[in-house]
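Let chain X serve as the given structure and place chain F on it in line with the hints.
From first to last, the protein sequence lines are chains X and F. For the first sequence, my numbering gives the first residue as 1, with consecutive numbering after it. For the second sequence, my numbering gives the first residue as 610, with consecutive numbering after it.
Warning: the hint list may mix true and false statements.
Unchecked claim - If you want the ones that stay clear, here's a sample from chain F, every Cβ over 10 Å from chain X, calculated:
#1 I775
#2 T872
#3 E880
#4 Y916
#5 N930
As the list claims (entries may be wrong) - Which stretches of chain X does chain F cover? Using the computed rule of at least three CB atoms under 8 Å from a CB of chain F, they are:
#6 361-372
#7 468-479
#8 560-574
Because the hints were derived from the structure by calculation, they are not lab data. All of these numbers come straight from a predicted model, not from anything done at the bench. C-beta: ideal position from N, C-alpha, C; glycine also.
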Amino acid sequence: MEITKTSTKPKVQEHDHHDDHHEQSFITKYIFSEDHKMIAKQFLISGIFWAIMGGALSSLFRIQLGFPDMDLTALSPIIGNWLTPQGKIDPEVYLALITMHGTIMVFFVLTAGLSGTFSNFLIPLQIGARDMASGFMNMLSYWFFFLSSIVMFISIFVEGGPASGGWTIYPPLSALPQAVSGSGMGMTLWLISMALFIVSALLGSLNYITTVINLRTEGMTFFRMPLTIWAFLVTAILGVLSFPVLLSAALLLIMDRSFGTSFYLSDIYIAGEALSNQGGSAILFQHLFWFLGHPEVYIVILPSLGITSEIIATCSRKPIFGYRAMVYSIFGIGVLSFVVWAHHMFISGMNPFLGSVFTILTLIIAVPSAVKAFNYIATLWRGNIVFTPAMLFSIGLVSFFISGGLTGLFLGNSVIDINLHDTYFVVAHFHIVMGSASFFGLFAGVYHWFPKMYGRMMNRTLGYIHFWVTFIGAYLVFFPLHYIGIAGFPRRYYSFTNFETGRIESFIDLNTFVSFAAIITFIAQFIFLFNFFYSIYRGRKASKNPWNSNTIEWTTPVEPGHGNWPGAIPKVERWPYDYSKPGSDKDFIPQNIPLSKTPESNMPDDSSR
Amino acid sequence: MNLIIGIILLLSLAVVFLLFRSTEILSVAKKKITHSFEDSNNSFNAITGVIFMVTSFIVVFWYSYDQFENYFLPMASQHAPEVEMLFWATMAVTFTVFLITQVMMFYFGYRYRYNKNRKAYFYPENHKLEIVWTVVPAIVLVGLVGWGLYKWNKIMGPPPRDAEIIEIVGYQFAWASRYPGPDNELGNANYKLIDVENIVGIDFTDTSSLDDFMPREIHIPKGKPVLFKIKARDVIHSVYLPYMRSQMNAVPGMPTQMWFIPTKTTAEMREETGNENFNFEIVCNKICGRAHFSMKHTVIVQEEWEYIKWKNEQKSWIEKNPDYYANFIKNNSTDVATLND
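The following block holds chain X by itself, in its conformation from the complex:
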């Protein structure tokens, strides 16, 4: 807290103050840390743990889909009673696996792991602040997330298994333990875990917003902020506005499950008994869920797009094309993301007129997304492109964002969605556009800012191998699913042996191929893990600004200490994208270099940037 106060005091005092600020015990430094950099690392490591977990679960159910006859008895020491006596995965366990895979990947990896890591790490460093607005709230945010993680982790091992109604947990399936055994204790823990998660997300988001608005250093006007910060800001705003709605949906579901209310339940006869619940609406839950659920998709992808914008500009040695257009499109996406939710519900039985409205709104959101994609490509044009691993992952992200975004035009058009809804086409679409793309943003961010996090470099050769295996692998996994979806294969099917006589053969080979690719791609991630953990200790020492980048986090010491800058915080004099400016002999001019020092390269419109 002291730190934030000092930043308004005159600079000389700050300097003095920070020289005697280094005594910290192990607990306050590494565990209950209030330092944004340490909290970012905590989120990152937790995110990595969950990513391995989510990936392992997906490998398991891909084995079921790709090699349905395989005897998994060899795995029984690990997964024990999840197997049937024949050594196959039990159908309910299969549903639990996909549910947990979805929940873990969407919330624990790509929301907490991604936003938690990079918003925390980069916001203070890139806007020139000593720390977050509230270090204490920031610490609480992590520890609520930790608690939430523990509850979710426990839920995997309870009697009856974890939640198994899909990550969207539509009631009545999720409300009635009679319907599926995962809707007993597993679902209760899922809801508790998500409630804690929402607390964590809100504490984090409020902090990010406050910090960006209030703690920018001198000269850091809004339109001089790097696009990463814009993306994190809008992401945080989306989180603050949408997560409470999920909390309300979860609370009502808890009431229905445990206290006999009928918010979502009506006219149900199950397990030989007619329930007394009447008057509820199962559709209500879907509206509430997707009111969060759709902004959530953008909460997942926007930080990645922000990271990519920064890396593509740096590694093309060129300003990002259309900076303002990028900012406006981030805002456009943010605002529109709140009014498109019912495109997940075209055939839910809601009024078809609503379907028409949401088709129009949904396809509008494609416009700012298209602008972003075109701007990335324009940035590459006539650049001087350096393929660092981070740059490769950024280009991979743009490739996925385009491929997956385009299939959105099919699903967003209600009439086409009639046939494609809940098929593998949907699975392909969102795994490419929000799954793979966001993951690539995460990887890009780690490779790019690793030197700032740990003061060392990650190995480039391993980075290249990791990229090519993952990039090709992800396309091999998800692209074929489009065909399976167009053929009308429903998602969340344990097996297709009973599916439409004569059609089961059509994609057996393709499914085996996809599973094979998925497992290889998953295993390849261990190259990254090795590179990551080994480089923390044994990587080559980094220089202060290894990528010749303009943003001010690279003006800190190689390993920034508490308070980030040992002396005064640099004053920001220009926008962050002065790469390869004509007249300048270097191909980058950091943000803290005043215009008065670069008369040879100044331009008439510099003051407007």
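Just chain F now, kept in the frame of chain X:
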């Protein structure tokens, strides 16, 4: 087997480790500064990108062409070709954009890879260009949306008056169907009346329910509009008929409906697909529990005269279950009156 997998894992770990150490040591030996940009790696990555792109496009084109019969289902309802028309129009638009953008991206990566003698072109913005690529997609999208909504309103709009009405009820893990019988009116039903025999909870105090019948398989006539009145007993299910390009969720407590006009009989489809066991099936397409994957129901499309003949042969439910009906009337008549109030 486990041993082999273990050894393979161990060896790959060793390879990764050696790669790591050797490249680190090599780069130290060459005294490269960490951001030495122009090296063989840079060209390697640029060229691999182009190779990847070209190979992918060839494979995608080949597979899409070669496997067309496999993934493109025959169309068996009147609106199916209209849906597919829009689908393939969207495909044309998106694939063109896909092709252009991916080619540009990987080509630029190759063409403008780092060269220390060249400087990147400082090009922060171009309003004209940005307006173009905002407005052009917007116009194309307006076209797609307009087309889509026109068809959507038609397909989801009110069914024709002469539609054959059939009630479909989803429950874990099967479907039931009920026909209105000669009076063309479905009798009342109430979920509280459901039991092992009366699986959709028909209320027999309603006289229009007396001629309702519940066949084992759904029969529908070719060339006539068919209206499904959809219900669910326990959790959400989804009535999905891929060949008809029709789908609608079945929601407990909220009746839904969908209608379509079949254009191919089961016999015709058997001929077309060359599969003599072919059947249209309603498949469940909303996760509903343990046996979600095997929840299906056969639909038989017949010529209209066959259909009428079949319908006239059907016995009403109470005719098949006279004891149940007698008991029902004896026990439930007063209860049901209160239930329905």
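Each hint, compared with the structure:
no., hint, result
1, I775, "holds, 17 Å"
2, T872, "holds, 16 Å"
3, E880, "holds, 14 Å"
4, Y916, "holds, 22 Å"
5, N930, "holds, 19 Å"
6, 361-372, "holds (count 6)"
7, 468-479, "holds (count 5)"
8, 560-574, "violated (count 0)"
In terms of the numbered hints stated before, the structure departs from hint 8 and from no other.
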